[in-house]
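Final position of the sequence shown in this note's numbering is 1357; the numbers increase by one with none missing.
Please keep in mind that the hints were generated in silico from the structure rather than gathered at the bench. One or more hints might be untrue.
Computed list of lysine-lysine pairs in DSS-like fashion (alpha-carbon distance at most 27 angstroms, straight line) [unchecked claim]:
hint	residue 1	residue 2
1	1283	1219
2	1300	1177
3	1177	1219
4	1300	1283
Label pairs and their computed distance ranges (CB to CB) [to be verified]:
hint	residue 1	residue 2	range
5	1239	1290	21 to 29 angstroms
6	1184	1347	34 to 42 angstroms
7	1187	1262	41 to 49 angstroms
8	1181	1269	33 to 41 angstroms
9	1326	1276	34 to 42 angstroms
10	1331	1206	14 to 22 angstroms
11	1262	1202	21 to 29 angstroms
12	1261	1345	28 to 36 angstroms
13	1260	1182	17 to 25 angstroms
14	1233	1336	41 to 49 angstroms
15	1181	1332	47 to 55 angstroms
16	1345	1228	28 to 36 angstroms
17	1276	1202	22 to 30 angstroms
18	1317	1343	19 to 27 angstroms
Ideal Cβ positions, reconstructed from N, Cα and C, are used throughout, including at glycine.
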Amino acid sequence: EAKRVIDELRDLQVFYVNSGGGEPMYRRDFFELIEYSVGNGIGVKFSTNGAFIDAANARRLAAMDYLDIQLSLDGADRATNDAIRGEGSFDTVIAAMDHLANADFGPFKISVVATRHNVPQLDAFKALADSYGAQLRLTRLRPSGRGADAWHDLHPTNAQQREIYQWLMAHGEDVLTGDSFFH
1175 EAKRVIDELR
1185 DLQVFYVNSG
1195 GGEPMYRRDF
1205 FELIEYSVGN
1215 GIGVKFSTNG
1225 AFIDAANARR
1235 LAAMDYLDIQ
1245 LSLDGADRAT
1255 NDAIRGEGSF
1265 DTVIAAMDHL
1275 ANADFGPFKI
1285 SVVATRHNVP
1295 QLDAFKALAD
1305 SYGAQLRLTR
1315 LRPSGRGADA
1325 WHDLHPTNAQ
1335 QREIYQWLMA
1345 HGEDVLTGDS
1355 FFH
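Based on the provided sequences and hints, a complete structural model is requested.
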């Protein structure tokens, strides 16, 4: 069924699909589907927590064209990230980035949801992205799903939103924002 959808997208001349989660790499047929998509001229962008990007999978991903990976990271240090994304998630995503870099994947994206706990880490996020030759992507917290449950604890304050804006104006030339929230 998924391949039929990809065929329909190809026939409609769709050139790009975006897959999010949950965790898209959790599907047993993940590689089969992205290889099928790319083989049909449809690029794939996917967001991942990095849990399934080991050395072998990183090499497999690096061998594909027309593929864009965003790794989710919500703290520039273990304590900040793991408080939001769960114990061990910082080490998992750093290992995935190391595997992608060692496989010569090329530029990937580090996707950060701005929260009141990580706004002071903007410089550290940028330095981390630069150290991998990655692109930093800064997005806003959306009040849906788990974001709705944690909205009051995580949503940046008005002062922090101004801080984000000022930081982007000074340092954000190569930083993606993902939506018009920061403009």
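Right, here's what the structure says about each hint:
Of the pairs offered as hints, the one joining residue 1283 and residue 1219 holds, with about 10 angstroms between alpha carbons and a cut-off of 27 angstroms not exceeded. Taking the CA atoms of residue 1300 and residue 1177, the gap is near 38 angstroms; set against the 27 angstroms cutoff, the hint is violated. For the hint pairing residue 1177 with residue 1219, the CA-to-CA distance comes to about 17 angstroms; that is within 27 angstroms, so the pair holds. Proximity of residue 1300 to residue 1283 is assessed by CA-CA distance (about 11 angstroms); at most 27 angstroms being required, the pair is judged to hold.
At about 39 angstroms, the CB distance of residue 1239 to residue 1290 disagrees with the hint of 21 to 29 angstroms. Checking the proposed 34 to 42 angstroms range against residue 1184 and residue 1347 shows it holds: the Cβ atoms sit about 35 angstroms from each other. Between residue 1187 and residue 1262 the Cβ separation comes to about 42 angstroms, which falls inside the hinted range of 41 to 49 angstroms. The given range of 33 to 41 angstroms is respected by residue 1181 and residue 1269, whose C-beta atoms sit roughly 35 angstroms from each other.
Separated by about 40 angstroms at the C-beta atoms, residue 1326 and residue 1276 satisfy the suggested range of 34 to 42 angstroms. Separated by about 45 angstroms at the C-beta atoms, residue 1331 and residue 1206 break the suggested range of 14 to 22 angstroms. Checked against the hint of 21 to 29 angstroms, the C-beta distance between residue 1262 and residue 1202 comes to roughly 23 angstroms, which is consistent with it. Range check, residue 1261 to residue 1345: Cβ separation about 31 angstroms, and the 28 to 36 angstroms hint holds.
At about 36 angstroms, the CB distance of residue 1260 to residue 1182 disagrees with the hint of 17 to 25 angstroms. Hint check: residue 1233 to residue 1336, Cβ distance near 43 angstroms, so the stated range 41 to 49 angstroms holds. Between residue 1181 and residue 1332 the C-beta distance comes to about 48 angstroms, which sits within the given range of 47 to 55 angstroms. A hinted range of 28 to 36 angstroms for the beta carbons of residue 1345 and residue 1228 is consistent with their spacing of about 33 angstroms.
For the pair residue 1276 and residue 1202, the beta carbons lie near 25 angstroms from each other, so the given range of 22 to 30 angstroms is met. The given range of 19 to 27 angstroms is respected by residue 1317 and residue 1343, whose C-beta atoms sit roughly 26 angstroms from each other.
Going down the numbered hints, you'll see the structure goes against 2, 5, 10 and 13, while the others check out.
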